[in-house]
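Enquirer: Spelled out, the chains give:
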Amino acid sequence: MSRTMFEKIWSRHVVAKGPGGQALLYVDRHLLHEGSTHAFGRLEKKGRAVRRPEACVATADHYVPTAPGAGEIADPEVRRMVADLGRHTGRLGITFFGRGEPRQGIVHVIGPEQGVTQPGILLVCGDSHTATHGAFGALAFGVGSTEVEHVLATQCLWQRKPRVMRITVTGTRPFGVMAKDVILSIIARIGAGGGVGYALEYAGPAIRAMSMDERMTVCNMSIEAGARAGMVAPDETTFAYLEGRPFAPRGDLWGRALAHWRTLPSDPDAIFDQEIALDSALIAPTVTWGTSPQDALPITGRVPDPAAVGDPARRASMERALAYMGLIPGAPLAGTAVSRVFIGSCTNSRLEDLRAAAGIARGRRAAVPAWVVPGSGAVKRAAEAEGLDRIFTEAGFEWREPGCSMCVGMNGDTAAAGERVASTSNRNFEGRQGRGARTHLMSPSMAAAAAVTGRLTDVRTLG
Amino acid sequence: MEPFARLTAVAAPMDLPNIDTDRIIPARFLRRPRESGFGPLLFHDVRFGADGGERADFVLNRPAYREARILVTAENFGCGSSREMAVWALLDHGIRVVIGPSFGDIFFENCFKNGALAIVVPGETASGLRDALAARPGTRLTVDLEAQTIAGADGPPIRFEVDAFRKHGLLTGRDELALTLEQLPAIEAFEARRRVEMPWLG
Numbered sequence: 001m002s003r004t005m006f007e008k009i010w011s012r013h014v015v016a017k018g019p020g021g022q023a024l025l026y027v028d029r030h031l032l033h034e035g036s037t038h039a040f041g042r043l044e045k046k047g048r049a050v051r052r053p054e055a056c057v058a059t060a061d062h063y064v065p066t067a068p069g070a071g072e073i074a075d076p077e078v079r080r081m082v083a084d085l086g087r088h089t090g091r092l093g094i095t096f097f098g099r100g101e102p103r104q105g106i107v108h109v110i111g112p113e114q115g116v117t118q119p120g121i122l123l124v125c126g127d128s129h130t131a132t133h134g135a136f137g138a139l140a141f142g143v144g145s146t147e148v149e150h151v152l153a154t155q156c157l158w159q160r161k162p163r164v165m166r167i168t169v170t171g172t173r174p175f176g177v178m179a180k181d182v183i184l185s186i187i188a189r190i191g192a193g194g195g196v197g198y199a200l201e202y203a204g205p206a207i208r209a210m211s212m213d214e215r216m217t218v219c220n221m222s223i224e225a226g227a228r229a230g231m232v233a234p235d236e237t238t239f240a241y242l243e244g245r246p247f248a249p250r251g252d253l254w255g256r257a258l259a260h261w262r263t264l265p266s267d268p269d270a271i272f273d274q275e276i277a278l279d280s281a282l283i284a285p286t287v288t289w290g291t292s293p294q295d296a297l298p299i300t301g302r303v304p305d306p307a308a309v310g311d312p313a314r315r316a317s318m319e320r321a322l323a324y325m326g327l328i329p330g331a332p333l334a335g336t337a338v339s340r341v342f343i344g345s346c347t348n349s350r351l352e353d354l355r356a357a358a359g360i361a362r363g364r365r366a367a368v369p370a371w372v373v374p375g376s377g378a379v380k381r382a383a384e385a386e387g388l389d390r391i392f393t394e395a396g397f398e399w400r401e402p403g404c405s406m407c408v409g410m411n412g413d414t415a416a417a418g419e420r421v422a423s424t425s426n427r428n429f430e431g432r433q434g435r436g437a438r439t440h441l442m443s444p445s446m447a448a449a450a451a452v453t454g455r456l457t458d459v460r461t462l463g
Numbered sequence: 001m002e003p004f005a006r007l008t009a010v011a012a013p014m015d016l017p018n019i020d021t022d023r024i025i026p027a028r029f030l031r032r033p034r035e036s037g038f039g040p041l042l043f044h045d046v047r048f049g050a051d052g053g054e055r056a057d058f059v060l061n062r063p064a065y066r067e068a069r070i071l072v073t074a075e076n077f078g079c080g081s082s083r084e085m086a087v088w089a090l091l092d093h094g095i096r097v098v099i100g101p102s103f104g105d106i107f108f109e110n111c112f113k114n115g116a117l118a119i120v121v122p123g124e125t126a127s128g129l130r131d132a133l134a135a136r137p138g139t140r141l142t143v144d145l146e147a148q149t150i151a152g153a154d155g156p157p158i159r160f161e162v163d164a165f166r167k168h169g170l171l172t173g174r175d176e177l178a179l180t181l182e183q184l185p186a187i188e189a190f191e192a193r194r195r196v197e198m199p200w201l202g
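Protein chains in written order, with the numbering used here: chain A, 1 to 463; chain B, 1 to 202.
Quick caveat, the hints were computed from the structure, so don't treat them as lab data.
Each residue gets a CB set at the ideal place from its N, CA and C atoms; glycine is no exception.
A few of these clues could be false.
Unchecked claim - Examples of chain A residues toward chain B, derived with CB under 7 Å:
id	residue
1	G20
2	Y26
3	D127
4	A153
5	G193
6	V196
7	R228
8	G409
9	M410
What the hints assert, rightly or not - No more than 20 Å apart at the CA atoms, straight line, and that leaves these computed lysine-lysine pairs for PhoX-like:
id	chain 1	residue 1	chain 2	residue 2
10	A	K161	A	K17
11	A	K17	B	K167
12	A	K161	A	K8
13	B	K167	A	K161
From just these sequences and the hints, can you work out the full model?
Expert: Rendered as structure tokens:
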């Protein structure tokens with residue numbers, strides 16, 4: 001019988017079946033960060049062991065300072081959290097990329113970069129952007145802290161099987177349109193709740209043509225469409241990326257793994273619970289105007305008018321979003337003045353993202369404070385080897401240390417109330433980047449364009 | 001985990017769709033220890049003004065809803081981040097049941113892992129309930145997990161679905177970890193098989 005890639009991976013991981021359609025699934029790889037210390041603490045208190053420490057990799061990302069050359073962590077609470085993660089991983093024998101470790105970085109950047117993320121595996125992490133790893137044809141999803149504890153203790157997780165939606169992206173992306181514009185357009189199309197209860201498979205020629213960095217950007221934001229998991233079938237692009245990475249299989253094992261990975265893509269006549277199609281040739285550089293990632297429009301568009309919306313709940317929601325964002329219905333999006341720019345996050349902090357932003361920054365000058373926060377130590381060093389850091393600093397951008405930074409602001413990297421941020425991150429929720437801060441989501445090149453003009457700007461007009 | 005069987009309590013309506021977990025609990029509070037109590041942080045930035053005072057227009061600050069232990073929400077409540085503290089904040093504030101047309105998948109799971117009941121009902125049922133609660137502020141609903149019914153609004157009790165696994169977990173307050181460890185032989189057999197079939201995974 002024909003099966004989807006999701007079905008092939010899911011069925012391979014069922015350890016036992018429970019009532020109510022629940023399955024006990026085996027977890028191949030578990031990524032951890034400072035937020036996991038709650039779970040470690042509970043396990044320690046209960047005196048329970050970690051079943052497979054060698055299946056875990058931990059990093060410090062959410063809370064670490066990212067100021068250039070960041071020294072000691074000033075905040076004692078945060079210092080304790082990072083130290084706690086170091087202590088727990090140390091006592092349990094878990095690989096930990098702590099501060100100062102050259103491989104430290106955002107958990108969803110370092111997993112793929114180190115080759116921990118591989119096709120066909122089931123990977124979890126106590127973070128909703130874990131879908132990123134689905135770019136490799138893995139089943140990867142975010143879990144809560146109780147589930148983190150459960151996986152640490154049992155290497156398994158009870159789950160109910162989601163339905164599967166295929167999103168086929170055809171056509172060729174026009175100049176100036178990045179993977180971020182594709183995923184924002186998908187979310188705008190299906191809505192912030194459109195993927196609830198689904199695992200998404202992104203398919204079609206426009207996805208096949210994407211690099212791994214681009215596929216990760218797309219899968220990363222699956223949760224912003226409500227889907228816990230998003231995936232792309234592995235192919236030669238995937239295998240070429242993985243070969244030789246530190247945690248990837250080698251020698252004979254590489255060959256065996258490869259043979260298995262080639263069986264993973266959905267069968268040609270596999271049936272999906274839902275199908276969506278999108279033509280990437282019709283996508284323009286996109287920005288969000290509201291407080292949900294679904295509130296996305298082409299940069300050539302205007303702020304929507306709630307008065308034109310029939311549904312009263314939708315109208316009320318738009319009015320609230322526009323009041324929070326300080327935007328006037330009907331005003332052109334392009335030209336809206338921004339207070340600052342953030343280039344970073346697990347969505348857009350990889351080398352190709354930084355290259356795209358640097359391509360716009362080169363020879364220009366930032367008109368507003370603009371931060372570039374590389375996703376990992378490895379990304380930072382690679383970017384510096386290419387001279388991207390100098391392009392940014394010469395253009396007046398701030399080149400910072402790796403971490404989650406202003407995407408979530410847990411480390412104190414926040415914007416002030418009323419500040420308007422052009423951001424390459426994944427959430428424009430109220431207060432996400434700081435209480436009262438206003439977030440516009442966009443691609444790295446669009447964010448760089450906003451930095452050098454001080455306004456939301458159609459990057460295509462900068463030539 | 002505290003078992004849950006039946007609750008009669010004031011229910012409060014929240015009409016906005018896509019209420020994300022950042023709004024339920026802002027990120028800057030997540031570093032706090034579990035024991036510190038998350039109730040006062042629930043919906044913090046919409047519940048309190050910048051000066052720390054209560055905002056009179058926020059539903060849970062209105063006199064009729066102050067004792068609410070049930071929330072009736074719109075689409076995609078609890079979307080966004082996986083932070084379990086969103087559920088801790090609801091529980092610590094006293095809210096044990098959320099009823100809505102859909103929930104963020106991770107939030108939904110986190111509810112059941114912490115002894116909170118998230119109930120999915122059709123969109124029309126949820127909006128009907130919210131309208132009834134808004135028309136008669138302070139209305140008490142009775143949520144009966146055993147019978148899978150919601151009563152107390154207009155009309156006959158509303159029946160809801162909940163999967164047997166989650167229902168049993170809530171009714172008994174069981175330790176899921178202990179339950180899984182009973183499957184140890186199956187886990188060990190799986191690992192042995194995996195070592196042969198996919199040796200590159202270690």
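Enquirer: Looking back at the hints listed earlier, which ones does the structure fail to meet?
Expert: No numbers; nothing is violated.
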